[in-house]
Amino acid sequence: AQKVTQTQTSISVMEKTTVTMDCVYETQDSSYFLFWYKQTASGEIVFLIRQDSYKKENATVGHYSLNFQKPKSSIGLIITATQIEDSAVYFCAMREDTGGADRLTFGKGTQLIIQP
Amino acid sequence: GGIITQTPKFLIGQEGQKLTLKCQQNFNHDTMYWYRQDSGKGLRLIYYSITENDLQKGDLSEGYDASREKKSSFSLTVTSAQKNEMAVFLCASSTRDWGTYEQYFGPGTRLTVL
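Those protein sequences? They're chains L and B, same order as listed.
Quick note on the numbering used here: the first sequence kicks off at 5 and runs consecutively.
Quick note on the numbering used here: the second sequence kicks off at 4 and runs consecutively.
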């Protein structure tokens, strides 16, 4: 069975700095997909970025990027030039192919607090 | 683009009551999901459906029923609400078209049981 672990429960950084959130995963699949989601204070969950395991390049979208270290089964989320509105809970997730559908296994989340 | 709507936004029930939550999506996605999120916790999968009239149990299906009468809608029923239960129920949808896979979420239904 797949497993996704986020060990950082809460991180606090100053605005305009760079922050990295950690995520490690376990899977038996040779090809897999990893995702990061953001949950705002209102409860809204938004898809941020995705990494395909067969791609060597780290994914980048806006001021979000990933640090994919396949030998370590690690997929860190990096946010550069943080803004107050980046304060949220961030979830790491892995896709599981059940044969006919896709399930996501989520980590427990990391709360990010951006201080002015 | 598309949107997922969930009704009601807030649901207050009594212990033992049967409660139904509804979800609609206009992405034309094949797969729909129901998750439960307890305060300060992660998401746990209750049910999912890969097409109309299909149902697959997730990790937390006991105490719930689901129904997918048409592609765009997915309902979840709490069969017997538990006293002091409080949680947010999130609906999501996804497709395999174009190798996308990512799930898109609705705004949630907040359940309180008195």
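Be aware that one or more of the hints could be misleading.
Unchecked claim - Straight-line Cα separation of at most 25 Å, PhoX-like style, residue types lysine-lysine; simulated pairs: (1) L:K112 x B:K60; (2) B:K12 x B:K60; (3) B:K74 x B:K44; (4) L:K112 x B:K74.
Simulated from the structure, these hints should not be mistaken for laboratory data.
Every value quoted in this text rests on a predicted model; they were computed, and no experiment measured them.
Tested hints:
1. A hinted pair counts as satisfied when its Cα atoms are at most 25 Å apart, and K112 (chain L) with K60 (chain B) qualifies at roughly 21 Å.
2. For the hint linking K12 (chain B) to K60 (chain B), the alpha-carbon distance of about 24 Å falls within 25 Å, and the restraint holds.
3. Between K74 (chain B) and K44 (chain B) the alpha-carbon distance is near 30 Å, which puts this suggested pair outside the 25 Å criterion.
4. Restraint check: the Cα-Cα separation between K112 (chain L) and K74 (chain B) comes to about 30 Å, which exceeds 25 Å; the hinted pair is violated.
Of the numbered hints given earlier, the model fails hints 3, 4; all others are met.
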